[in-house]
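Using the sequences provided together with the hints, build the complete structure.
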Amino acid sequence: MARGIIIEDLYKKYGEGDTAVEALKGVNMQVGPGEVVGLVGPSGSGKSTLLKCLGAVIEPTNGRMILGGETIYDQKWNIKDLGALRRDSIGFVFQAPYLIPFLDVIDNVALILMLAGKSNDESRKRAMKLLEALDVAHRAKAMPSQLSGGEQQRVAIARALVSHPPVILADEPTAPLDSERALAVVKILHEMAKQYETAIIVVTHDEKIIPTFKRIYHIRDGKTVEEAGEGREI
Amino acid sequence: MISLAGRDIAHSWGKFVFTGVGLGLLIGVTMTMAGVYRGMVDDAKVLLDNSGADLWIVQQGTLGPYAEASSIYDDEYRGILGMAGVDAAANVTYLTSQISQGDLDVRVMVAGIVTTEAGLPGQPRFLVEGRHITRGHYEAVADVKTGFKIGDEVKIRRNHYTVVGLTKRMVSSSGDPMLFIPLKDAQQAQFLKDNDAILNQRRRTAANPAFNNPAVPGLLDAVLASQSVNPFVNAVLVRVSAGFTPEQVAEPIRKWKRLQVYTRAQMESILIEKLIKTAAKQIAMFLVILAIVSAAIVAFIIYTLTIGKIREIAVLKLIGTKNRTIAAMIIQQSIGLGLIGFVIGKIAATFWAPIFPKYILLEPSDAATGFVLIMVICVLASLIAIRAALKVDPAEAIGG
Numbered sequence: 021m022a023r024g025i026i027i028e029d030l031y032k033k034y035g036e037g038d039t040a041v042e043a044l045k046g047v048n049m050q051v052g053p054g055e056v057v058g059l060v061g062p063s064g065s066g067k068s069t070l071l072k073c074l075g076a077v078i079e080p081t082n083g084r085m086i087l088g089g090e091t092i093y094d095q096k097w098n099i100k101d102l103g104a105l106r107r108d109s110i111g112f113v114f115q116a117p118y119l120i121p122f123l124d125v126i127d128n129v130a131l132i133l134m135l136a137g138k139s140n141d142e143s144r145k146r147a148m149k150l151l152e153a154l155d156v157a158h159r160a161k162a163m164p165s166q167l168s169g170g171e172q173q174r175v176a177i178a179r180a181l182v183s184h185p186p187v188i189l190a191d192e193p194t195a196p197l198d199s200e201r202a203l204a205v206v207k208i209l210h211e212m213a214k215q216y217e218t219a220i221i222v223v224t225h226d227e228k229i230i231p232t233f234k235r236i237y238h239i240r241d242g243k244t245v246e247e248a249g250e251g252r253e254i
Numbered sequence: 003m004i005s006l007a008g009r010d011i012a013h014s015w016g017k018f019v020f021t022g023v024g025l026g027l028l029i030g031v032t033m034t035m036a037g038v039y040r041g042m043v044d045d046a047k048v049l050l051d052n053s054g055a056d057l058w059i060v061q062q063g064t065l066g067p068y069a070e071a072s073s074i075y076d077d078e079y080r081g082i083l084g085m086a087g088v089d090a091a092a093n094v095t096y097l098t099s100q101i102s103q104g105d106l107d108v109r110v111m112v113a114g115i116v117t118t119e120a121g122l123p124g125q126p127r128f129l130v131e132g133r134h135i136t137r138g139h140y141e142a143v144a145d146v147k148t149g150f151k152i153g154d155e156v157k158i159r160r161n162h163y164t165v166v167g168l169t170k171r172m173v174s175s176s177g178d179p180m181l182f183i184p185l186k187d188a189q190q191a192q193f194l195k196d197n198d199a200i201l202n203q204r205r206r207t208a209a210n211p212a213f214n215n216p217a218v219p220g221l222l223d224a225v226l227a228s229q230s231v232n233p234f235v236n237a238v239l240v241r242v243s244a245g246f247t248p249e250q251v252a253e254p255i256r257k258w259k260r261l262q263v264y265t266r267a268q269m270e271s272i273l274i275e276k277l278i279k280t281a282a283k284q285i286a287m288f289l290v291i292l293a294i295v296s297a298a299i300v301a302f303i304i305y306t307l308t309i310g311k312i313r314e315i316a317v318l319k320l321i322g323t324k325n326r327t328i329a330a331m332i333i334q335q336s337i338g339l340g341l342i343g344f345v346i347g348k349i350a351a352t353f354w355a356p357i358f359p360k361y362i363l364l365e366p367s368d369a370a371t372g373f374v375l376i377m378v379i380c381v382l383a384s385l386i387a388i389r390a391a392l393k394v395d396p397a398e399a400i401g402g
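Chains A and B, in that order, are what the protein sequence lines are. 21 is the number of the first residue of the first sequence in our numbering; add one for each residue after it. 3 is the number of the first residue of the second sequence in our numbering; add one for each residue after it.
Some hints could be false.
As the list claims (entries may be wrong) - On the chain B side, residues computed to face chain A include the following (Cβ under 10 Å):
no., residue
1, 14
2, 317
3, 323
4, 325
5, 329
6, 395
Claimed, not checked - Listed next, the stretches of chain A that the computed footprint assigns to chain B, with coverage defined by at least 3 CB atoms under 8 Å from CB atoms of chain B:
no., stretch
7, 74-80
8, 122-136
What the hints contain is simulated information worked out from the structure, not anything from laboratory work. Glycine included, C-beta positions come from ideal geometry on N, C-alpha and C.
Here it is in structure tokens:
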């Protein structure tokens, strides 16, 4: 499983001594390339902590993480430049699109490639292809404030995909959208996962989209339980 | 790589331009303050340049004639003229006066000059209109800044003078325009008393038995006559002959005439380092305060702009933007603001400088120094914002 993500016995403890809080208590997950899985759980269950560990934003306390066939964490980070790891190997889609307001759509998408040292032309060409695939190419020169909520979320998905990362972490990507648009976004995620062989982890509370996942991880008290989903076609 | 700072500025250009205009006006005021100081120094130099003198001979132990009162007999110049290396020597008298003419009410420095021969030190060096003073009394040459015109009649003390010529950039060290009149008139005007005071003085002298001694006929008349004339001038200006240095000529005058002699360099030092020293310090204080205020404003603006973009900075850091790229973005924005401010400030100062009543000299070298200082201030002012931006946790983009 070269392009997926594997998490083994992941622990995360905040603080020390009596005030220590163990947010993750041995999380195990495995998401293959082209697969979209749901990660659900109540507030305070450790979803955000897990997402931050997977996103190389905070350091786990223990465990192992293999991303795209490379062990990135094994008791400690094996990667020095976590920023470059996030840029090249992890895509992020947030609840709100968080597009950069002073960049137009195409540069919002192309920015990651530019940061990686690709030329502006090449970055924009690749960004344009994704925008076309996501049906927002006609808004390439628009500013984020000129887009609808659905369009903004599609641009955010394009931004997450543009560097062809092995994994995309989507944090409540359909929360601000109505049912129709939410399902459309999830459909895009499924299609893109297949097309780009990307593993996508969708953190969600959204009852409308949970049935679309073939596998769902439930997280409760810092531990995950895997469950088969309905895998309903959209 | 695209310029993130450039895009941000282009996106919110209105905010940047208006902020830059505000900052620019402050920078313009700072530049003007520097220009006021330069103008004062230039006024002092112009006063010395336009006098056409190499040496200033004044009362011993004084810093006259501009920085302190100086009084020497008006026949001293004769002896000086005969000394080696003296090409020309002429008496001068200066007095500051408030002169009204029509609707004009102008503060001028009246200069009493020798008019018997053209080209003597102290005379106005060039005219822009009219002619030089040719009569011994009641003619005047005025600087154009007085607002007087050829043919105007101006009143100094009790006498009326006709303006026969106009000159330019002839100002006192405090920037007041000069009005040249014949020496004798100026000497008279300098100590002219009103009629009541003259009568009172005569009564007092007549009442003094030492002056009104019946055993010495004619003594009282002689004393009264001596009280009605002013045999003093403020200085003798000397032009040195070719082949002599000012110091060579000054030394024997100091030795034999028992007078104070200043060279051009010494006089410049008196005017700049003594006469306008306090004013210069005052302006320097203003400059420092304005620089601090400008830095504080830039720091506050850049900090506010950065804090307003915390979420975007968190996203940028999350997607792998290096700290140095974010720091460069903030510095570039700060420098951009400084650039806008500098351009606006320079334009504003250039436009409003001629409106000021005193001479404002905007030196290109000061502008260049100001530009460098503004850039340094902008970079330093952005450090607080950079510190705040680098502290942003990329996890803030994820929330939770």
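Q. Can you give the numbers of the hints that this structure goes against, from lowest to highest?
A. As far as the earlier hints go, only 5 is violated by this structure.
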